[in-house]
Amino acid sequence: QQKVQQSPESLSVPEGGMASLNCTSSDHNFQYFWWYRQHSGEGPKALMSIFSDGDKKEGRFTAHLNKASLHVSLHIRDSQPSDSALYFCAARVSGSFNKLTFGAGTRLAVCP
Amino acid sequence: EAAVTQSPRNKVTVTGGNVTLSCRQTNSHNYMYWYRQDTGHGLRLIHYSYGAGNLQIGDVPDGYKATRTTQEDFFLLLELASPSQTSLYFCASSERGGSYEQYFGPGTRLTVL
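Each protein sequence line maps, in turn, to chains R and D.
Okay, so the first sequence: first residue is 1 according to our numbering, each after it adds one.
Okay, so the second sequence: first residue is 113 according to our numbering, each after it adds one.
Since the hints were derived computationally from the structure, they do not count as laboratory data.
One should not assume that every hint holds.
Simulated pairs of lysine to aspartate or glutamate, DMTMM-like, Cα-Cα distance not exceeding 25 Å [stated by the list, open to error]:
id, chain 1, residue 1, chain 2, residue 2
1, R, Lys99, D, Asp185
2, R, Lys57, D, Glu207
3, R, Lys99, R, Asp78
4, R, Lys57, R, Glu9
5, R, Lys45, D, Glu191
6, R, Lys56, D, Asp174
7, R, Lys57, D, Glu184
8, R, Lys56, R, Glu15
9, R, Lys3, D, Asp174
10, R, Lys3, R, Asp55
These numbers were taken from a predicted model, which means no experiment stands behind them.
Go ahead and model the full structure; you've got the sequences and the hints to work with.
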């Protein structure tokens with residue numbers, strides 16, 4: 001079983017809609033979380049990080065972290081076709097050499 | 113923005129062949145990483161390094177060697193390639209401090225026949 005699990009595997013939302021992606025961990029040593037986004041044919045690119053409980057907002061993107069339940073979510077407001085991509089959740093252990101553990105990803109399709 | 117380049121972009125080899133994948137970053141980052149990406153598994157860490165001459169073992173190291181020759185250059189070696197190593201390979205780099213954000217290259221698609 002992967003230490004970082006993402007759901008759903010795929011998601012389709014209409015343009016202008018809200019997309020919600022989920023990530024849970026089975027390892028309480030994970031304390032720092034990232035969301036990465038990968039467009040087709042490209043390498044992943046960091047979208048945002050969240051290290052403290054609660055919400056973190058960056059433009060149309062909001063991440064939420066609950067450390068007690070090891071649950072992280074990403075919400076994309078006013079989704080655009082350019083948001084269509086593969087989204088990865090990644091987790092890091094406190095004090096580790098920046099070693100990230102990635103989930104399997106959620107593929108988001110935003111339909112015009 | 114951090115620049116990470118990889119070569120070749122595509123490679124086809126036969127079972128038992130030798131393959132070297134190259135990665136260069138031009139931002140003086142201390143840390144460099146090699147990942148493989150497979151559907152259903154996401155990105156899995158093969159090897160990583162925190163400086164020239166240093167090598168750390170990742171989560172899926174079997175069948176792979178790596179070498180960090182300079183601050184900028186990190187190589188992944190497959191000495192006896194197998195079909196199970198057919199995958200998309202990414203190199204990444206990050207700073208020593210700050211946010212530790214990892215910057216990825218464009219990837220190398222490797223096919224082992």
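Going down the list of hints, with the structure as the test:
| no. | hint | verdict |
| --- | --- | --- |
| 1 | R:Lys99 x D:Asp185 | holds, 19 Å |
| 2 | R:Lys57 x D:Glu207 | holds, 24 Å |
| 3 | R:Lys99 x R:Asp78 | violated, 33 Å |
| 4 | R:Lys57 x R:Glu9 | holds, 24 Å |
| 5 | R:Lys45 x D:Glu191 | violated, 30 Å |
| 6 | R:Lys56 x D:Asp174 | violated, 38 Å |
| 7 | R:Lys57 x D:Glu184 | violated, 34 Å |
| 8 | R:Lys56 x R:Glu15 | holds, 23 Å |
| 9 | R:Lys3 x D:Asp174 | holds, 20 Å |
| 10 | R:Lys3 x R:Asp55 | holds, 23 Å |
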